[in-house]
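*Asks:* Below, each chain spelled out in residue letters.
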Amino acid sequence: MSTALEVGTENCAGPETGEITSALEKQATELIARYPVSARSAVMPLLHLWQETFGYIGPRGVEWIAKKLSLQEIQVLELVTFYPWFRQKPYGKFHFRVCRTLPCALGGSGKTFAKLQKLMNLKSDGHEGAMVSEDGRFSLEYSECLASCGTAPVILRNDEFHQGVDEKRATELVAGCK
Amino acid sequence: MNPWNHDVAKDELDLVDVQVDGVWLRMPRGLNVVEVAHRSKKFIPHYCYHPKLSVVGNCRMCLFEMGTPKTNADRSPVLGPDGKPEIAWMPRPQIGCATGVTQGMGIRTDSPLVKDCRNGVMEFLLINHPLDCPICDQAGECKLQEYSVEYGTGTSRFVEEKLKKPKNVDLGKRIVLDDERCILCSRCVRFSSEVMKDDVLGFVNRGSHSTLTAYPGKRFDNAYSLNTVDLCPVGALTSKDFRFQMRVWFLKETKSICTSCGTGCSTTIGSREGKVHRVTPRENEAVNSAWMCDYGRLNIHYLDSKDRLHRPLLKAVGEQFPGTWADAIHRAAEGLGKVKPEEIAVVASGRLTNEELFVLKRLVGELGVTRVDMVPHSGQADNFLRSGDGNPNGRGAELLGLSSGGRKFSSWGAEIVSGKIRALLVLGGEDLVAAGIPSSALQKLDVLLFSGILGNETSRLAHVVLPSAATAEKTGSMVNVHGRLQRMTRAIAAPGEAREDWLILRDLREACTGGNSLHSVEDVWKAIAAEVPQFAGLSWAKIGDLGVQLETRSSLSGGNLVKA
Amino acid sequence: MAFSEQRLIFKNIDVPGYTRDIACYQKNGGYEVLKKGLAMGGGAIRDEVKKSQLRGRGGAGFPTGTKWSFIDPTKTTKPIYLICNADESEPGTFKDRQIIHKDPHQLLEGMILSCFANGVKLAYLYIRCEFTEGWKIMEKALNEARAAGFLGKNILKTGYDLEIYVHRGAGAYICGEETGLIESLEGKRAYPRIKPPYFPAVLGLYMCPTIVNNVETLCNVKHIVDMGGEAYAKIGRPNNTGTRLLCVSGDVVKPGYYEFPVGALTLGQLINDVCGGIRNGNRLKAVIPGGSSAKVLKAGEVYKIKEKGSDGNMLEKEVGLEDLRLDFDTLAAAGSMAGSGGVIVMDHTRDMVECLANISAFYAHESCGQCTPCREGVLWLKKILGRIAEGHGREDDPALLKEVADKIAGRTICAFGEAAAWPVQSFIAKFKAEFSARIARNGSASRHDTISLLH
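Protein chains in written order, with this note's numbering: chain Y, 4 to 181; chain F, 5 to 568; chain U, 1372 to 1826.
Just chain Y, same shape as in the assembly (with noise of 0.2 Å):
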């Protein structure tokens, strides 16, 4: 009943005005049948079915869900913007997450986020969340614990988890965005 993407395929820019085929269709079915005691249940399930495959989840993947679900949009907004992996607005094609927490911070975690950054050629515009290049080509945020302090720093690039990401490290990752 699977209907994971292979790692490495996860869609992070978008649109969102694209087709509700009918394997999305039956993929949410799936879903909520997960759930025999309520059907709430499948909101965060059906939010990143949304977000993989549109990229992010507008007002029309927030409408779509909760009409499947028979909720109001209220209750699945409230979900959206707690939730901090759920995206309103579009990422880049390429979307790095650097985890700030303290192991990977005293592994150079800042160093890292600061080379991407830099490669990557965005500002902050000085608001929490996401940069996102101009082009779309890429966006980076800050992440927290990823998990994986042994190995620190640790990022992911779109679905794919790295470890060890030092400056160097995260230079072959841009380089590798294709």
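Simulated from the structure, these hints should not be mistaken for lab results.
List of simulated lysine-lysine pairs, DSSO-like, C-alpha gap at most 27 Å:
{"hint": "1", "chain 1": "Y", "residue 1": "K171", "chain 2": "U", "residue 2": "K1625"}
{"hint": "2", "chain 1": "Y", "residue 1": "K126", "chain 2": "F", "residue 2": "K166"}
{"hint": "3", "chain 1": "Y", "residue 1": "K96", "chain 2": "U", "residue 2": "K1507"}
{"hint": "4", "chain 1": "F", "residue 1": "K168", "chain 2": "U", "residue 2": "K1559"}
Not close to chain Y: a few residues of chain U, all C-beta gaps over 10 Å, as computed:
{"hint": "5", "residue": "F1374"}
{"hint": "6", "residue": "K1398"}
{"hint": "7", "residue": "S1440"}
{"hint": "8", "residue": "L1527"}
{"hint": "9", "residue": "N1651"}
Partial selection, computed: residues in chain U whose CB lies under 10 Å from chain Y:
{"hint": "10", "residue": "P1462"}
{"hint": "11", "residue": "K1466"}
{"hint": "12", "residue": "L1493"}
{"hint": "13", "residue": "E1504"}
{"hint": "14", "residue": "R1560"}
{"hint": "15", "residue": "D1622"}
{"hint": "16", "residue": "G1713"}
{"hint": "17", "residue": "N1729"}
Every residue gets a Cβ at the ideal spot worked out from N, C-alpha and C, and that includes glycine.
Knowing the structure of chain Y, use the given hints to seat chains F and U on it.
*Replies:* Chains F and U only, in chain Y's frame:
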């Protein structure tokens, strides 16, 4: 009506011994500690807790020190030198709202730890709260302000930048939200979800950035939305109708009831210098719990409508001219005296109080008039408080024998046209044109007397117009659709020369028949209690602030709205 | 002195040629214990778990047998749910990741046994979504187990039905808190529930009795059923039985994951002998022994620890930091906790102000915002610490930090309040001079680029 009633114990007679601040008391088992403190004449401050909503325990203001009885090896309680059980106090404070009392429980509501907890919560709530009390509508009834006096420090140790959140958010037709003032207690969210089943409100974002909102494009407009303004312990939700109008500490509060439909929600009228500024629900489990509908709450603006009748009017040469009360009453009595009793019809209104109706009953009895009825008004009933009966006292009119529920009234139009009815006394401001009697018919009448609050097509045709008082302007009683007898009390004086109906009717009766034994509402009430079987044994005082349930006759058995 | 690990749960982890598919697992004896357990019956399994004295590996160290005993599957009329807490997100902890990635069927076998023992028919595996590969591995493992008849209808023809589904989190640390996790699984914001009344054993998922156990805990159940509770209890120390997965990160030569009997070695032995000592020839300055919520321990500290002597009487001993035994009770006696087993080591070059600022930034970001002290207080802590780190500290700040933390701990809905307050309380108490010195250096203070305060 409410999914929860935390202020009522499961079994009020199943008592346990509880020590509250050193004093042993008997309290119902399982009753929560906030309520126990309240019943012990102690007070545990709280923001998120409300007896009619689910308990979420998020504000942490009701933290108290809890103890359990020390026990011996055989589980018997350890007794102290005073013979009372000894208590082992827990180091960690507990929330009063979610803690039910058990046998031997110790409660400290004013210990140093408890005060420290409250000081902490107060400081936390204020660090990001704007200091805009001077322009905040909640000022004077704000729990944040109120508790600050006791648990605040007067100075702030917070030197960081305050969080910025949306201000002046237009949530719906009647409500404005200031997110910077919001303390995220979730009362409004719970009310909408649990009581109204209308999930429009919610929190977005996380942590300190959590923000109350409605889904973009969705409006918080349900028929009971303004209850959230009452529930909001701070000035986050304000009523568009009331905001910036009046400081609440200037308001005189008068207990009354809402007369916008047959439910008769208990209300508090807030008035100042002869003007009603707001009406809020007054808790009454037998009628409306703690709620009322937005329509009833806002139905106060007719009080100073341009159509308001301020002076008696008398018709002469086809036009109405202002006159004195003496002339008006004289003209009215004279008119009724010109025709035979069987040629008179009286429109007794379900908008009149029992006292007014009773004086009317005397009048029609003494005149020998038999054509008496009221105009039915139907409203849109919902499954909550709104009744389909638009008459607030239709039941009272029935009990006093002044109503056939509109059955008689339905033939009066034809009887006026045929000349059977020559004089009509219209009370309660009923607009007969709107009720189906064409103005051409009314113009045929020899005598058309009108008493009411607002001018309308009927009043404009009347030979005598007797301006009367509105709900907020009079004292009296009514019986709601479920047979509950309730009182209203005058909050403000009627404008101009308008008078309470019972005075108008008293004078008219005196002028018509010489009958005069009723000098006050209480006198009227005494007579009602003596003469009307359903009111036997009741007195004005006995009705009390919450009213009394009358013996239900078949016509009164509308079912009990409040399901216990 | 060499310290060799005793690998029970990690037995097959990183063994050359060992793969995570079911064939490899079964080749190595996989699902044999399940057959044994199904034959034993649920009550017998629960008895063994009780005898094992297993304590939960998620952080609180609550006895698993006791947690299970709150629910009597023979008496309750409601369905019972089990949730595997695979939301591993306590900074410094990365043990569950190894199990999920490298030996997923071990977890499933432990989970199926635990479900069977407690009469559970429907269970969920709540996994953090940052394990982008991990959830797919678990989905695949579940499919394999289903195909092999270890899951689904009539498991191994015993008449027992069980379904397990993967449920992905979405980046919220608070979902590690069991009632927050339950709310999240119900499709809501992960607001922890008030207890009382919402104890999971009574009013858990969908208001039904629910068991929430950590990944490592559930794996242990498999080994307890395998060897028997009494044999298991002989591993480790009394009341601190079994093995423990230790995750070491920070300034050591060989950071990584290790498995030892609980209390088999001291903190010094772990850092110096197992992990090769402090890196770059630096000296030890501080250790956080049980995930970032645990109170920090300072090099050179001496603790008064009560221990049962050979005569059975309690003796108080003075024990130095490096001689602290790594078990639940000893670390608690030293004023910290074994927590999730995440040991974060800081060397003498580290700036304690920045380390604490980093930790507090984490908690400020992760506070769910439901209750007042945590929502308001934790961000306040972060702001003060950020300000000090940026060179704008005020003389009263250390005292203020302590007071704010004191007004959070013990007053919140869930243990997050303590998790956020304990680091502040302990860092300020133990490194106060460093904070004061940093404030005295105001203006000239330079920010280390190792610790980002962004967010």
